[in-house]
Amino acid sequence: MKDKKFIIGGVIIFLIIATFPFWYNQGKAAPVPELELTAKAKAAKVCVRSTEYMKAGHMQLLDVWRDSVVRRGDRIYVSPSGKEYNMSLSKTCLDCHSNKAEFCDRCHNYASVRPYCWNCHIDNPKEKT
Amino acid sequence: MDSSRRRVLQLLGLSSLALTATPVLNAFAKEAGHTEEPEPIIKPDKKALTAKQWAMVIDTRRFKSAADVEPLAAVCDTIHNVPHLQNKRHEIKWIWETHYHNAFPGEAGRFLSEEVEHRPFIVLCNHCENPPCVRACPTKATFKRESDGIVLMDFHRCIGCRFCMAACPFGARSFNYRDPRPFIKKINSQYPTRMKGVVEKCNFCAERLAVGQMPACVEASGGKLTFGDLYDPQSEVRELIRANYTIRRKQVLGTEPSVYYIV
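For the protein sequence lines, the chains are C and Z, in the order given. Counting from 1, one number per residue, gives the positions in the first sequence under our numbering. Counting from 1, one number per residue, gives the positions in the second sequence under our numbering.
Derived by calculation from the structure, the hints in this document are not laboratory data. Watch out, some of these pointers could steer you wrong.
[Claimed, not checked] Each computed DSS-like pair below joins lysine-lysine, with the alpha-carbon atoms no more than 27 Å apart:
id, chain 1, residue 1, chain 2, residue 2
1, C, Lys91, C, Lys42
2, Z, Lys186, C, Lys91
3, Z, Lys46, Z, Lys64
4, Z, Lys224, C, Lys91
5, Z, Lys47, C, Lys91
6, Z, Lys93, Z, Lys224
7, C, Lys40, Z, Lys43
8, Z, Lys43, C, Lys83
9, C, Lys91, C, Lys45
10, C, Lys40, C, Lys91
11, C, Lys55, C, Lys40
12, C, Lys100, Z, Lys144
13, Z, Lys93, C, Lys83
14, Z, Lys93, Z, Lys140
15, C, Lys91, Z, Lys46
16, C, Lys91, Z, Lys185
17, Z, Lys47, Z, Lys144
18, C, Lys45, Z, Lys43
19, C, Lys55, Z, Lys64
20, C, Lys100, Z, Lys93
21, C, Lys100, Z, Lys196
22, Z, Lys43, C, Lys91
23, C, Lys40, C, Lys83
24, C, Lys91, Z, Lys144
25, Z, Lys224, Z, Lys64
26, C, Lys100, C, Lys40
27, Z, Lys47, C, Lys83
28, Z, Lys196, C, Lys91
As the structure is a prediction and not an experimental result, all values here were calculated from the model.
So that you can see chain C by itself, here it is in the shape it has in the complex (with noise of 0.2 Å):
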């Protein structure tokens, strides 16, 4: 055991460099972003489904929604609450939540998810009409 010392400044040196992220970001954690809702939608008060459900499950939801509407052919959703909205993400989604950058993009850019709906699908109809 005459190597001890560089053992154990070994394993030391080991765990400090491991550590080194999680000490190092201590209490810097980037803030959880502020949406922002656009007049409409404050006005609507209500989302297809509740704003628990929306936050946690919209992609769910979405996925649901393309299946149908594309594979099927039906566009009607009627919410538990009785309300019927026409599926579609441009018309009915973005038409309220027509702010992408506070609304969609503020969430999606601070958990990292980068979704490519916008590839195709038009972010803001009354932008552009």
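Start from chain C and add chain Z according to the hints.
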């Protein structure tokens, strides 16, 4: 293990008790405020037009020059955000004009009436009843819709392998070799564009039929094109097919095109 009669009976009793546990737990879960929301319902639009197999009849006698075709193609391109690329190899086509010899190869007789030979023939996806493109697609991105026979594209699923383009005997499919957006004159915000790397083609205006409108080219044609259900003996298309001599493109291949030409 001790397997006396007494022990076995005890175990049986305990197991039957355990069977009742799930409903009890569910009842507790409900009381704790986890009530299920009613399920949302998805349904078609009430105004939607339906058919067993949509079909189109093109009265070529009423097309005299390219000027008769242009407005139909233009309205389609505007509605569906079809880009106009100068390079012929990158061209995107949904509905376009072609020569008789190209539309009906092998069927063009010699010494034909000049009038027929020089007519502009409108061509588009034939929405075949037996579509070879659908069989070729490895991802089921293109499919024949059971409900109305339209051969549709799910652009989300297309991986751009172009097997469908090789399979289609009518050249009705185009591939986006480049990002199409910069080549669209005026973007229609009501319809998505496509992205680089997907195949596209005419969709018989499925998005218009779903809200009770006729296809854009039919609407713009002023009666030169007729659209309807091929399997409804009373429909307008059947009436026209019955009353006039019609031909279809490359019928001998057995794809059963749904676009009929009155010549």
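Between the alpha carbons of Lys91/C and Lys46/Z, is the straight-line distance 27 Å or under? 18 Å, holds
Would the pair Lys47/Z and Lys91/C pass a check requiring their Cα atoms to be no farther apart than 27 Å? 18 Å, holds
Need the status of pair Lys43/Z, Lys91/C: alpha-carbon distance at most 27 Å? 17 Å, holds
Pair hint Lys100/C and Lys93/Z, alpha-carbon separation not exceeding 27 Å: Measuring from Cα to Cα gives roughly 31 Å; hence the hint is violated.
Checking one constraint from the list: CA of Lys40/C to CA of Lys91/C, max 27 Å. Satisfied? 14 Å, holds
Taking only the CA atoms, is the gap from Lys224/Z to Lys91/C under or equal to 27 Å? Not satisfied, since the Cα-Cα distance of roughly 32 Å exceeds 27 Å.
Pairwise hint evaluation, Lys185/Z against Lys91/C, where the allowed Cα distance is 27 Å at most: 21 Å, holds
27 Å limit on alpha-carbon distance, applied to hinted pair Lys43/Z and Lys83/C: 13 Å, holds
Agreement of Lys47/Z and Lys144/Z with the hint, judged by alpha carbon distance not exceeding 27 Å: Status holds; Cα separation ~22 Å.
Compare the distance between the alpha carbons of Lys46/Z and Lys64/Z with 27 Å, and conclude whether the hinted pair is satisfied. Violated, at roughly 39 Å.
Do the alpha carbons of Lys100/C and Lys40/C lie within 27 Å of each other, as the hint requires? Holds, because 14 Å separates the two Cα atoms, which is no more than 27 Å.
Given the hinted pair Lys93/Z and Lys83/C, is their Cα-Cα distance within 27 Å? 39 Å, violated
Comparing the model with each earlier hint shows violations of hints 3, 4, 12, 13, 19, 20; every other hint is respected.
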